[in-house]
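Turn these sequences into a full structure, and let the hints guide you.
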Amino acid sequence: MTITDQDDRLRVLRERAREWAEQLRPHAFELERDPDTVYRHLDLPAVDYVGKMLIPPRMQPNPMRIGDYEYYGTTAVERVVAAEEIASGDAGMFLASPGASLSGVLVGMLGDEAQQQWYFGRVRERPTWTFFALTEPARGSDAMALSTTLRKASDGSLTLHGEKRYVGNATRAQLGTVFARTGPGPLGVVAVLVETDAPGYQAEPLDTIGLRGAQISAIRFDGVPVDPGRVLGAHLPASARGMWSALRTFNLLRPGVAAIALGIARAAIEYARSNGERGRHREELDRLGHRVHTTRQLILRAAHEVDRDPRNGYLASAAKAQAAQLAEEATLQSLRMLGPGARFEHPWLDKLARDARGVEFMEGTRNVQRLNVCHALTKGRFDDD
Amino acid sequence: MVTVVAAVALADCRAIARRDGLDAGWQALVTATGAGELLFGPGGHGLCPPGWQPQRGGTDSRPAGWVLGLTWLRLGVSQWLLDQARTYLAGRTSGGVPLIQQQLVQGSLAEAVTEQQGVVAVLDALESAGDELSPSLAAHLHRQITDTDRMSLRLLGAGGFLSDGPGGIAHLSELLADAHLDGVDHDDHRSG
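These protein sequences, in sequence, are chains A and B. If you use the UniProt record's numbering, the first sequence corresponds to residues 1 to 385, in order. If you use the UniProt record's numbering, the second sequence corresponds to residues 1 to 192, in order.
Everything labelled a hint here was simulated from the structure, so no lab data went into it. Do not take every clue at face value.
[What the hints assert, rightly or not] Subject to a maximum C-alpha distance of 20 Å in a straight line, what follows is the list of computed SDA-like cross-link-like pairs (lysine to any residue): (1) A/K379 / B/A90; (2) A/K379 / B/V97; (3) A/K379 / B/R92.
Structure follows, in structure tokens:
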């Protein structure tokens, strides 16, 4: 396949996802006010597709079908095409949707056959929300500082203790993955599967400026029992199951986050084009349009790169930093184009501007991404092209 | 005169300019496009390296692929410039710490390489799809390259202000864009 979005399979998906996105907008404000709105819209095709994404084809007898094609959401390239379009409808509903998401990638990477069958079986069976708990209060995702612990009692039983913060969907989720420490240092970190109805699990949504559908939450683990069979990657070397796996998961999904940011930027530009005074700000809008185009190509290239080798997340970092910046710029510039009081007169644009602030923090801020990119540059990763 | 241009040869202008500099990249562009004479841009201006002997006098009829090749060339020059900045930063210290280890500097390097990779992605996608580079998108990409070069120049400090060296090459690269592009990066491209 060529590195373009002209590929027929992706073109078909893009066109269809654009239609799905249109159907999200009428529900966007309702979802902001009441995140439970998502339960009433599980039959929307965008929500249905996100719910099926990332389930491996061997475990998914019923993928999304459009025309002659089947879509499993198991490649980064497919995900970025869908994510841009769906997020241009409503990034909040995209993130509020059920599905395997980050923890699905982790289980696909670290889980043994039984764990994968259990996890993906649950996600496939009925609309199931999942969470991925890495970030901690006051420590972010600093691996060395991670302090949630998985304690082993003398009888071999395991319990989880600690707190996580800024975890999407953790309040409504049925299951998810949690990173916890079993010993000192970067090798003393493991990921475990947790069911949210287990005793000692408590989550509550945080009040956020935008992306409220995602129900970004805080979680407490007060001695949550963990079956030893739910520790991921026990069959793998210690170096492959801890933070390494989190970084690789982020690499694989980061292009998708960039695509969500791009979808928000595009929605703002399209709104300003249709609602601004005809002919005014044309140059500004056209420049933003070009910026959307170049960012999209960078995201697609980054997606191809992680599909080729999930270790190569540096282009994804570049793409995510650029897309997050574009989302903020495009939404703020569009508001300025519409004049004083635009935040009040154009609530849709105000929502986009608030949502744009949220993508900055997903999977690492712009500054962190830039340090990743510079690290890759000094390692010679950009020497050949 | 050759009018059919091999895309791979145009893309090669980038790698050659990055490795060997602007003059070598220019020679590659002239070879790839078969431009045997002095070319004038829309404003009637033309540039050529010293010592270059055009086979004929001037013309304002640009060979096929000229603007696309010029974009690859300027991208390669931009990468060469960033490479110069990296070498310079690795060798200079401030307070005993190499400049390249300062996070503010690392952020600027990352931004510059991100902009360059954006241009690479667009040009590669265009060539894979067999699409034309529209004048408006060309102008936008050249503006992006110029802005990126200015980032590299800031990293080179006052040394980048000297005519002899990377600063002079960056200036020549800007002149090439000024002479050969229509200069308008809006009108024919829409988001979405």
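Results for each hint:
no. : hint           : result
1   : A/K379 / B/A90 : holds, 13 Å
2   : A/K379 / B/V97 : holds, 19 Å
3   : A/K379 / B/R92 : holds, 18 Å
Checked against the numbered hints above, the structure violates none of them.
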